[in-house]
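Visitor: Throw the hints in and build the complete structure from the sequences for me.
Residue numbers (my numbering): -18 to 318.
Computed beta-carbon distance windows for the label pairs:
| # | residue 1 | residue 2 | range |
| --- | --- | --- | --- |
| 1 | Q210 | P166 | 18 to 24 Å |
| 2 | D261 | E167 | 34 to 40 Å |
| 3 | R241 | G317 | 49 to 55 Å |
| 4 | D(-4) | Q185 | 37 to 43 Å |
| 5 | T286 | K240 | 36 to 42 Å |
| 6 | Q210 | D122 | 24 to 30 Å |
| 7 | N97 | Q210 | 36 to 42 Å |
Capping the alpha-carbon separation at 25 Å, the derived lysine to aspartate or glutamate pairs in DMTMM-like fashion look like this:
| # | residue 1 | residue 2 |
| --- | --- | --- |
| 8 | K237 | D214 |
| 9 | K242 | D132 |
| 10 | K63 | E82 |
| 11 | K240 | E192 |
Note that these hints are calculated values from the structure, not bench results. Computed from a predicted model, the values in this text were never measured in an experiment. Ideal Cβ placement from N, Cα and C applies to all residues, glycine included.
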Amino acid sequence: MKAIAYKTPGPIERDDALQDITLEMPKTEGRDLLVKVIAVSVNPVDTKLRRGVAPEGSEWKVLGFDASGIVEAVGPEVQNFKAGDAVFYAGSIARPGTNSEFHLVDERIVGRKPTNLNDAEAAALPLTAITAWEMLFDRLDVNCPTPQGADIILIIGGAGGVGSITIQLLRALTDMTVIATASRPETQDWVRECGAHHVIDHRQPLAPQVEALGLGAPGFVFSTTQTQQHITDIVELIAPQGRFGLIDDPDELNVKLLKRKAISLHWEFMFTRPVFETPDIEEQGKLLNEVAALVEAGRVRSTATNIAGKIDAATLRAVHAQIESGSARGKIVLEGF
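Guide: Have a look at this one:
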């Protein structure tokens, strides 16, 4: 089968950063689904792994997590899917990725593809939807009010893949007032389209902009990017006893800053459940089905903004470069081999 992979981690400018290769067809075991991949999307985690994580031994490392496709075969213990089912999912960081014609995935982290989306539109959603859902409802617990600022949340990096779906989930499932950050006219327009009530510029100090809105201090802050740059502002603008969540990897994070306001810290990593096969691993499949229902009801839409081309090394190299530039809006999708 066709796949895209690398052997040596490093910058995307290298000719061998990502290569077209041929691999043997994987075989199902246990609760595996063998999925014929139709479309994939690219996430910042792909670029981080490609820059710094080497494959084991002489093996190729296949990246890619988001996928939409058709179940080709099922393992002997599969309970919820059959060959021919249309699915979407985000895979596991502990297994080979979705940048291949066929892909193995545990059925428990798979959802049924929304019937009103094509594969490219569906492939944009799983990883970011899981990340946003787990952060909002499992980590920050936004449905449990904070003593102050409980109905206001600030999303830092509102135009990215995670920010885009986070705003939509908040509007669909809560009555919270959503403040989102974006720095360019086109990204500011995008976060408004996604449902943000207020938009501020993350290239400028955040605390004065939040104060100028006249809403009061937010009870919740979700930082999707550049947390190290914004941490002082976050501590200043968040309400006492507020909840602060992040998903990026700051080199340094001075948690002592959180003490005076008794701010709780919540780190979200959507691969935790599949990597550790936690007892609640099936929650990811369930929440993807709930997202599919929201999409079908017209309450959430795909965050795909660009179908970049076929699933091949040249296209993936270009997309990696765009994501690393920090200029991406929504999700970039590739379709077909």
